Amino acid sequence: MYNRLIARTIANRWFQLTCQTVALLGINGHYDFFRTWKIYQGKLKSFCVPVLNCHSCPLALYACPIGALQFFFMTGRLPVYLLSIISIFGISLGRMGCGLLCPFGFLQDFLFRLGKVRIEIPGYWFHLKYAVLFGVVIALSFYLALPAFCKICPVALLEAGFPLAFLEEEVAGRLFNQSSGMFTGWMFLIKTFLLTSILIASLSIKRPFCRIFCPLGALLGLFNRFSIIHIHVDYDTCNNCERCERMCPVDLNITRNSDSAECVRCMKCTSCKSISTKLRLLPLPFVKNA
Amino acid sequence: MKAFIKFCFTTVVYLFLFVMLYISIVQNYEHEEVEMVASLICYSCIGV
Numbered sequence: 000m001y002n003r004l005i006a007r008t009i010a011n012r013w014f015q016l017t018c019q020t021v022a023l024l025g026i027n028g029h030y031d032f033f034r035t036w037k038i039y040q041g042k043l044k045s046f047c048v049p050v051l052n053c054h055s056c057p058l059a060l061y062a063c064p065i066g067a068l069q070f071f072f073m074t075g076r077l078p079v080y081l082l083s084i085i086s087i088f089g090i091s092l093g094r095m096g097c098g099l100l101c102p103f104g105f106l107q108d109f110l111f112r113l114g115k116v117r118i119e120i121p122g123y124w125f126h127l128k129y130a131v132l133f134g135v136v137i138a139l140s141f142y143l144a145l146p147a148f149c150k151i152c153p154v155a156l157l158e159a160g161f162p163l164a165f166l167e168e169e170v171a172g173r174l175f176n177q178s179s180g181m182f183t184g185w186m187f188l189i190k191t192f193l194l195t196s197i198l199i200a201s202l203s204i205k206r207p208f209c210r211i212f213c214p215l216g217a218l219l220g221l222f223n224r225f226s227i228i229h230i231h232v233d234y235d236t237c238n239n240c241e242r243c244e245r246m247c248p249v250d251l252n253i254t255r256n257s258d259s260a261e262c263v264r265c266m267k268c269t270s271c272k273s274i275s276t277k278l279r280l281l282p283l284p285f286v287k288n289a
Numbered sequence: 000m001k002a003f004i005k006f007c008f009t010t011v012v013y014l015f016l017f018v019m020l021y022i023s024i025v026q027n028y029e030h031e032e033v034e035m036v037a038s039l040i041c042y043s044c045i046g047v
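Chains R and W, in that order, are what the protein sequence lines are.
Quick note: the first sequence uses numbering that gives the first Met the number 0, first residue 0, plus one each step.
Quick note: the second sequence uses numbering that gives the first Met the number 0, first residue 0, plus one each step.
For reference, chain W alone in the conformation it holds in the complex:
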């Protein structure tokens, strides 16, 4: 019984976390800054 409660508690906590993070990603995906990440080609790789 104790293990089952632990399992349910964990599932709820992790599900909550994942839903929150998923909503955060979806809400921010169409944002201008995220599109700028895609165009993030700089010359820092050669140190200049």
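Chain R extracted, bound-state conformation:
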């Protein structure tokens, strides 16, 4: 029985790794960039994927949902089209995009495996991502008429900022004053500091960006409670061994709340015989374990 548990754990880990690798290569699949040196701006870019993947990334094929949402708020229009796409992903999968598809989540998972020291963060820190979603992505973008979150987004810096600053002279030139040649890219330095801090923190803390800052995680997490695919816990066979909490990439004890907004639906906990993935039978939030 113990061997079966180990086999399922390894299978789930490989499943997640395969999904993350395929998503990384698929979402960033504009390999024609190396021939044309031009960012893709075709039909696919009108479509969003449920992951935080910067659309200014030289290899990106799809738009970033948060970047595109801000664009609509900047122009003062209701983003019906984008909210519909996000809702379809959310109602079907909940936060599964975070656990199985997000390239930055993949990087944080990888870094955590390299680290030796383990630090747990208090639960109230997780509320900060809702402040980022409503305060920065919606309110600041609307009032300042600029993509406020993109200005501080560490994912954008890693996927687009660094490659473009190195590859395109025009972009690198924007970091300097044209007449005096003085360095003016202070936000670039602040973003670099933020990104470095998050990457260092990822060595000791499980997915710090996803749990504390990610506005897309906050938005998709709202759908976890009624998404069609959900985690089901069989309380009759659960012996509270807390193995699910130890293997969870966000330190969540799924047996306490299987519809938690923090769950990234990576499916690792389903290696336990008491936990499984199911299609929801009753979409009412107040009915537990339907």
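Hints listed in this document are in silico derivations from the structure and should not be mistaken for laboratory results.
Quick look at which bits of chain R chain W covers, simulated, 3 or more residues with Cβ under 8 angstroms: (1) 150-157; (2) 160-171.
Straight-line alpha carbon distances no greater than 30 angstroms define the calculated DSSO-like cross-link-like pairs of lysine-lysine that follow: (3) 277(R) to 1(W); (4) 272(R) to 5(W); (5) 1(W) to 272(R); (6) 5(W) to 277(R).
One side of the interface only, derived from the structure: several residues of chain R facing chain W at Cβ under 10 angstroms: (7) 46; (8) 63; (9) 67; (10) 71; (11) 74; (12) 79; (13) 83; (14) 84; (15) 90; (16) 184; (17) 279.
The structure presented is a predicted model; accordingly, all values stated were derived computationally and were not measured.
Backbone N, C-alpha and C fix where the C-beta goes; we use that ideal spot for every residue, glycine too.
Dock chain W against the given chain R, drawing on the hints supplied.
Structure of chain W alone, referenced to chain R:
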């Protein structure tokens, strides 16, 4: 019987939601603003 009613109710609710969302996407896809999303290449990624 109760489970079957629950299943039918859920299917109808989710189907309704998906059809509504699909219509919303199709209706808005050809819109000018959606085309602008495709051309949304800014320099916010470097913070300027």
